[in-house]
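Chemist: Fit chains B, C, D, E and F with the ligands to the known structure of chain A by using the hints.
6 protein chains.
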Amino acid sequence: KDGTRVAPFAGHPTLLSAPARVMDPEVPDFSGLDVALIGMPMDMGVSNRPGARFGPRALRAIERIGPYNHVLDCLPVGDLRIADTGDVPFRSRFALEDSHADVERWITHVVEAGAVPLSVGGDHSISHPILRALGRDRPVGMIHIDAHCDTSGPFDGTRFHHGGPFRNAVLDGVLDPARTIQIGIRGSSEYLWEFSTASGMTVVHAEEITEAGLPGLIRRARDVVGAGPTYLSFDIDSLDPAFAPGTGTPEVGGLSTREALALLRGLKGLSLVGADIVEVAPQYDATTNTAQAGGQVLFELASLMCFSPAIASTGVGR
Amino acid sequence: KDGTRVAPFAGHPTLLSAPARVMDPEVPDFSGLDVALIGMPMDMGVSNRPGARFGPRALRAIERIGPYNHVLDCLPVGDLRIADTGDVPFRSRFALEDSHADVERWITHVVEAGAVPLSVGGDHSISHPILRALGRDRPVGMIHIDAHCDTSGPFDGTRFHHGGPFRNAVLDGVLDPARTIQIGIRGSSEYLWEFSTASGMTVVHAEEITEAGLPGLIRRARDVVGAGPTYLSFDIDSLDPAFAPGTGTPEVGGLSTREALALLRGLKGLSLVGADIVEVAPQYDATTNTAQAGGQVLFELASLMCFSPAIASTGVGR
Amino acid sequence: KDGTRVAPFAGHPTLLSAPARVMDPEVPDFSGLDVALIGMPMDMGVSNRPGARFGPRALRAIERIGPYNHVLDCLPVGDLRIADTGDVPFRSRFALEDSHADVERWITHVVEAGAVPLSVGGDHSISHPILRALGRDRPVGMIHIDAHCDTSGPFDGTRFHHGGPFRNAVLDGVLDPARTIQIGIRGSSEYLWEFSTASGMTVVHAEEITEAGLPGLIRRARDVVGAGPTYLSFDIDSLDPAFAPGTGTPEVGGLSTREALALLRGLKGLSLVGADIVEVAPQYDATTNTAQAGGQVLFELASLMCFSPAIASTGVGR
Amino acid sequence: KDGTRVAPFAGHPTLLSAPARVMDPEVPDFSGLDVALIGMPMDMGVSNRPGARFGPRALRAIERIGPYNHVLDCLPVGDLRIADTGDVPFRSRFALEDSHADVERWITHVVEAGAVPLSVGGDHSISHPILRALGRDRPVGMIHIDAHCDTSGPFDGTRFHHGGPFRNAVLDGVLDPARTIQIGIRGSSEYLWEFSTASGMTVVHAEEITEAGLPGLIRRARDVVGAGPTYLSFDIDSLDPAFAPGTGTPEVGGLSTREALALLRGLKGLSLVGADIVEVAPQYDATTNTAQAGGQVLFELASLMCFSPAIASTGVGR
Amino acid sequence: KDGTRVAPFAGHPTLLSAPARVMDPEVPDFSGLDVALIGMPMDMGVSNRPGARFGPRALRAIERIGPYNHVLDCLPVGDLRIADTGDVPFRSRFALEDSHADVERWITHVVEAGAVPLSVGGDHSISHPILRALGRDRPVGMIHIDAHCDTSGPFDGTRFHHGGPFRNAVLDGVLDPARTIQIGIRGSSEYLWEFSTASGMTVVHAEEITEAGLPGLIRRARDVVGAGPTYLSFDIDSLDPAFAPGTGTPEVGGLSTREALALLRGLKGLSLVGADIVEVAPQYDATTNTAQAGGQVLFELASLMCFSPAIASTGVGR
Amino acid sequence: KDGTRVAPFAGHPTLLSAPARVMDPEVPDFSGLDVALIGMPMDMGVSNRPGARFGPRALRAIERIGPYNHVLDCLPVGDLRIADTGDVPFRSRFALEDSHADVERWITHVVEAGAVPLSVGGDHSISHPILRALGRDRPVGMIHIDAHCDTSGPFDGTRFHHGGPFRNAVLDGVLDPARTIQIGIRGSSEYLWEFSTASGMTVVHAEEITEAGLPGLIRRARDVVGAGPTYLSFDIDSLDPAFAPGTGTPEVGGLSTREALALLRGLKGLSLVGADIVEVAPQYDATTNTAQAGGQVLFELASLMCFSPAIASTGVGR
Ligand SMILES: [Mn+2]
Ligand SMILES: [Mn+2]
Ligand SMILES: [Mn+2]
Ligand SMILES: [Mn+2]
Ligand SMILES: [Mn+2]
Ligand SMILES: [Mn+2]
Ligand SMILES: [Mn+2]
Ligand SMILES: [Mn+2]
Ligand SMILES: [Mn+2]
Ligand SMILES: [Mn+2]
Ligand SMILES: [Mn+2]
Ligand SMILES: [Mn+2]
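Protein chains in written order, with the working numbering: chain A, 251 to 568; chain B, 251 to 568; chain C, 251 to 568; chain D, 251 to 568; chain E, 251 to 568; chain F, 251 to 568.
FYI, nobody ran anything at the bench for these hints, they're computed from the structure. Being a predicted model, the structure only gives us computed values, none of them experimental. Please note that the accuracy of each hint is not assured.
Treat identical chains as interchangeable: a pair holds within one or across any two.
Result set (SDA-like, lysine to any residue): computed pairs, CA atoms no more than 25 angstroms apart in a straight line [unchecked claim]:
#: 1; residue 1: 518; residue 2: 438
#: 2; residue 1: 518; residue 2: 422
#: 3; residue 1: 518; residue 2: 458
#: 4; residue 1: 518; residue 2: 441
#: 5; residue 1: 518; residue 2: 255
#: 6; residue 1: 518; residue 2: 339
#: 7; residue 1: 518; residue 2: 440
#: 8; residue 1: 518; residue 2: 277
#: 9; residue 1: 518; residue 2: 533
#: 10; residue 1: 518; residue 2: 454
#: 11; residue 1: 518; residue 2: 448
#: 12; residue 1: 518; residue 2: 455
#: 13; residue 1: 518; residue 2: 409
#: 14; residue 1: 518; residue 2: 355
#: 15; residue 1: 518; residue 2: 453
#: 16; residue 1: 518; residue 2: 342
#: 17; residue 1: 518; residue 2: 460
#: 18; residue 1: 518; residue 2: 271
Extracted from the complex, chain A is given alone in its bound form (with noise of 0.2 angstroms):
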């Protein structure tokens, strides 16, 4: 304790300062992780202000994340083989649909080498192709956290953009309406929604949420999830803007920080089969403190997996 550290401004920053693990883009090497964190810096999905797509730089370049969690008591990037991966190699940055199948190929590989992959967005339509990967053999379930269900029809043209992931999810037979829970939800397109609720998931609006009813609201995510393979989405715009400007589609009325970790820290144990933290904008984010932020989730989700059954190494599932 009394030597030197490294300082937090100091070297190739990394996700979580985890060690980079580069990858060949054909042939990728995702043996001996227990979590991979990738980088998905792709924003076409994007209704209104683009720049997610240097979200990842940005949680990357972000200092003073971690390393311990005294309120999970664990060091995930001590506690787990966890690298940071580097990117998904994307084959053009003017293809959403290609990109999206890119994202479902790369995520295939990590599931195929017995990691999960913990992923940093990108707009929220990658979450989509990613539970194509993961539910591939049977739905997840899935706690999502946002300020918006996400769960609109086509419009534009398209079914893919970052409106609709859990629709198309559901469609596809890879998400488990009845075993998804959706956290945070406000503003004025509710009713676009309508397959959320149609479809069985449990939506959960910010306006029902305050602090003192915390305990309750993780005890009903629990009881909705269960205890199978579940997936955990965090859009940062279920943050308030106040804790969280820079992001493309940002709704007032949002949680706080103090809430959302709380509400993370309520689901150790669950079992985990990925999680992705999406819709970081830093062109919106003044102060930094969407990066923080963003950062502090995904360490939060990191987290988790220490705990989570799904995780071979950790001991929990054994």
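Modeler: Frame of chain A; chains B, C, D, E and F with the ligands shown alone:
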């Protein structure tokens, strides 16, 4: 739903994306409108940081406000006959008192046409001439959400500054202090606002407000104003600067947007005869959060108009 | 002069404070206009930082552009029949190539109505479909001011990105490379632009430009395009980032605004059949300098139209 | 009240708009003061983002702090003999440990003159030499509001960094750990702060704090420090970065300003012998929110001094 | 040289780090001063973006201006008897014309004490009352560096706006147009400034200025004003917005700071009887560049005073 | 050319997008490299605004630097054996002089491996230990581009601050003042730099520089250093703050980027044995312009290495 939607960043910007109606400055035509959206780009009444003259422009520019209010279940720009009628044509950008006369003349036109004014400041001094036009025949009640009472007397040679509109309105007999509640009060100028309590207004300080106490506060507000004609004035500095930094006299320790939205939505059914959102100063709004919050407040105000018995076409009052 | 002037921060914002004309997306009416100001909020062609979709909004919002050009001695919004005709109605915010078709259709309407299009991007890829509409009958010449030649070939699976519009236009036979000059070229992608020289364009690099050499450069530009129909395309990244930081692919070592204005003003009397100002991305424009520069360039372009023989009503061409 | 008031943006800026008193660096004269406001523009102790050396300048510049505290009912700059006595005259901007000696010497002058020091950092390492001067005769108790315990040991070759002042103070016998409470603790360095609990300090983590729980927390804090001489140290990073982005080691999940004000105001009547507000770094404060919050905290600290039995002239202690 | 230097970020901030002299608003004492530095935090005369009321505060806060001018070879704060005498005590922040009277009264005190006023705006309208005080006995000449002539007539009901001080001064007989040169003129309001040429002022437009042409321009300026008493007025918007974005009516195409410094330094030995630097509005100055440039201009102005025959103690005039 | 290109915002960020080489802090391996890119995140030597410790991180993050230099006609990352070797492993973030020892040790490793160091600061004090490593056997010449001479003596108790590296280097016998030219000098500290002229350095002030005079200046610089081993040190504050606001001691009146690039490119063929780019402080860089300029300068420095006879593998020196 699966065709083309107009992108939020496209087209001539208007308040709430309502249709624009261009007015003749001499003979404005507000006929056929339930609600007239009106900009008041005037900030000569400020006591500290100027800039709210750019407030209407900031609220026109902000994207993705509305269309649907899922809490109140209304679609204000569809349900109401509403238009962005442009800005009050001020005779001078150098004459505070003349500008007040211009506001009063303009709002009188609105009232005479049977429309309800929904104004976007500008500094808070504009509420005084608005109230003069609205309360001409009978004093109105008011729900006033602000960090400041704005009932101080003259200083620096005038009583028409933004610190005194409601003292002026009471003294002019257009505002009923017994039917007035001021919510969110804080800061270091309490000694200037004795008029509030002396005249019989109800004053609720920020330090009395908690998220858990909001239902009680809403009941109290509804009790104070009752069923009579009521004005609603929302100073963006009622929000904590974390949520709304872009304003001229910020005061830490204020409301969150989630609290403010809950408060506003709790006022459904009041007999609103007008409303305003004031003091948005985009020069201090590095993240556009303040414009976003101000736009959302404007949307909530318009939503409340859908349920105001004072608006004939809503059918509520019949 | 001693009455009231409309304040620059008042009213519905339009390009150059020109009158707004609202268009039917299906049957637009450009009749009676000399010059149609048109927004093109589309940035799917960018190779790096997105955001130019907010360019038209940024140029509408900027205050104090015009009315009088004392160097060219004209008052474009008074001298010309000109209107802010709104934005191209794009069918989709997710489809680059469809957007180009939308632009081409829209500009064809403009041309058929006898008006000259003055477009505000959006990314530079929009110039290709504009040129397709303008050069349909006969290839046009071009003065192109930019840090980049924008004549590179396909990559990432498309040739419709913002790095290639002028190669595309030449290959489509709508742009005459022998009558094309590119000014301000720099950066690290020279190897991608061999098409420029191979096709016979005149390329003037930034490092060849000095303030003292501007008169010669103006003569050279006039010689290249001659008296034939000419397009003028101004990429804001031709300016040094010190003058225009708000753009997606900044390149240090560029023009000052004083140089750019001198260059543009030196083009008086050319037979301009259209022009654009592109690549303003306000997310990166902390000072609004870029919008200010872009707005001024738009004003200079409109001013040049007062002297273009291609515009009948100017009387110049008669 | 109806004459001229000095505008908040006028005049030579001072802390709390208190009168300036210029000191001789060799023979400072603090006589006749109850409270000495002192800047400490020193940030050599920071572990991450530097910049707090500009903290005193930021707090002098912020406008509209005070004069009246309506919650505590006092007017500190009027009720107390108080002055902005300028900054500690540091011998070097390159020598951390010498700077600590300079602080200790300076505060010793303050103490010997019978005044109470109210210091504005600068980084948190300054609290150690302040406590050395204040606790020389008898260790003081402390209420410490911070995201970090600041009780870690030496690293990078020194123990005088901003992560360790309170461990140092305990080891020097000037701070009584049994009478110390640390509030707001969070982040990923818990493993570095075992000294806090080992020495007997009371540690309250951020995740234990709720708005509803504040009264209990205040009681607990008052119990810990009791009636003895007490120091109050407020690190601005105790606030959530949404409320105070301008600091060097932000930690999401912190206090709101409303909570912090309530907490501070709950400490009325404690026997405060000194206080500080530290770690305001305006380079990261795009909205000036942090300076605003820091200025308000300084005002609350001064207000508490009006009720401290340790200050003779208040009459409270007599 | 090898002892301690006061750090640029330390201490009570003053203009040019000159000693502060606190004035009695009723009976100010300017005796014994060669040069009085005076803040004029008043921006009621602006026609567009307000904010210059924070100009004096911005110039006090900027660090590292002076002490030595190696081009002019002088040390103004050492060579001159100079002090930061605080701000003009305005009677009202709401009354433009009264504020002008306040300025005139204040500067008359300065003049009567035998000192030369060096003023920091505030908007440019302050130059009119300054000239009224300075030119009372005999009209002065002027070197005026600005993007705008500021000789337009009344509009919006007043002639005391910041667009007209020099027309006012000529009509009041305190400014000699034949001995006046205006440098850097541009923008779109030329038609408002015919008074300049009609009255005989020399107008030099920005488009006539080149770096190579500066020596000739300096000669021309010296010729226009000659050896008589001369005022120097520097509007920060003379600089291009790239160099000074923080101002209310920016105009692209302006001077670089290198050009402005060369121009000012070329005026050594003129008989300056006063000078000002105006229109710094820090709200628009995200980089502090404008305050930096404004502070440096103030330093150059003070340096020129070391060589003005109008200042007795310099020995130049003897 | 028509396949996929790696997007500029993708992947682990490195200096110049060069391959990363991870070093053992104890036994670094620089073998096989022509040029070692090295970060030096240390800013303890600054005299004013800190922050340059984030310089290496800022230059790694900036996108779109390189690959091809069309003026010098080279592709440095392809033509040279070059890698981003990470940062100097500093033993302490609190010890200025120890950090210098760490730099010297590290650069000695580089030199002994036969590589040329290309360093990214950090503050300018790092150049002193670099020169100690490079000039051990024989003093080197230097082209130094800066606003400041950085030859002042000790103050505040040390001579190792960023204002004195080149005085230190001369006194240590590792820098030959007769072969040293300093370009861009300005500001108010000339009286501190008499060592420059006294020791025989050539000093070129900013006010002597014009765009037209650059060819002569380049010749002069080449004459001063001749064919001997030469170091090139580029302080980003040599640029005018309009071009590079993100630095700690900005000085208005500096170089444009176009001038700086011309100057650097004029140095082709010099026998460069090392170079640095220092003083980028991203906290003050609201537009990222400074990082952009710094990245481009780094690219030009690498390009010059392609032509340095001191680098064996270039073939130039053989
Ligand atoms: Mn989402
Ligand atoms: Mn969302
Ligand atoms: Mn108010
Ligand atoms: Mn208020
Ligand atoms: Mn282009
Ligand atoms: Mn370009
Ligand atoms: Mn601390
Ligand atoms: Mn802390
Ligand atoms: Mn002016
Ligand atoms: Mn001007
Ligand atoms: Mn230097
Ligand atoms: Mn320097």
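Chemist: Hint by hint, note whether the structure agrees.
Modeler: Okay, the hints, checked on the actual structure:
Only between protomers do residue 518 and residue 438 lie at most 25 angstroms apart by alpha-carbon distance; the minimum there is 17 angstroms, versus 32 angstroms within a single protomer. Taking CA atoms no more than 25 angstroms apart as the test, residue 518 paired with residue 422 passes in neither setting, with 28 angstroms inside one copy and 41 angstroms between copies. In this homomeric assembly, residue 518 and residue 458 come within 25 angstroms of each other (Cα to Cα) both inside a single copy, at 23 angstroms, and across copies, at 18 angstroms. In this assembly of identical chains, the alpha carbons of residue 518 and residue 441 lie at most 25 angstroms apart only when taken from different copies (20 angstroms versus 33 angstroms within one copy).
In this assembly of identical chains, the alpha carbons of residue 518 and residue 255 never lie at most 25 angstroms apart, being 30 angstroms within a copy and 41 angstroms across copies at closest. Taking the shortest alpha-carbon separations for residue 518 and residue 339, neither the intra-copy value of 32 angstroms nor the inter-copy value of 37 angstroms comes in at or below 25 angstroms. For a Cα distance limit of 25 angstroms, the shortest separation of residue 518 from residue 440 across copies, 19 angstroms, qualifies, whereas the shortest one inside one copy, 30 angstroms, does not. For a Cα distance limit of 25 angstroms, the shortest separation of residue 518 from residue 277 qualifies neither inside one copy, at 34 angstroms, nor across copies, at 42 angstroms.
Neither within a single protomer nor between protomers do residue 518 and residue 533 lie at most 25 angstroms apart by alpha-carbon distance, with minima of 33 angstroms and 37 angstroms respectively. For the homomeric pair residue 518 and residue 454, the shortest alpha-carbon distances inside one copy (20 angstroms) and between copies (22 angstroms) are both at most 25 angstroms. When the C-alpha separation of residue 518 and residue 448 is checked against a cutoff of 25 angstroms, the pair qualifies neither within a copy, at 29 angstroms, nor between copies, at 28 angstroms. Taking the shortest Cα distances, residue 518 and residue 455 sit within 25 angstroms of each other both inside one copy (23 angstroms) and across copies (19 angstroms).
Within a single copy, residue 518 and residue 409 get their C-alpha atoms no closer than 33 angstroms, and across copies no closer than 36 angstroms, so neither meets the 25 angstroms cut-off. In this assembly of identical chains, the alpha carbons of residue 518 and residue 355 never lie at most 25 angstroms apart, being 29 angstroms within a copy and 47 angstroms across copies at closest. In this assembly of identical chains, the alpha carbons of residue 518 and residue 453 lie at most 25 angstroms apart whether taken from the same copy (21 angstroms) or from different copies (24 angstroms). Taking the shortest Cα distances, residue 518 and residue 342 never come within 25 angstroms of each other, neither inside one copy (37 angstroms) nor across copies (37 angstroms).
Proximity of residue 518 to residue 460 under the C-alpha cut-off of 25 angstroms is found in both arrangements, the shortest distances being 21 angstroms within a copy and 21 angstroms between copies. Neither within a single protomer nor between protomers do residue 518 and residue 271 lie at most 25 angstroms apart by alpha-carbon distance, with minima of 27 angstroms and 37 angstroms respectively.
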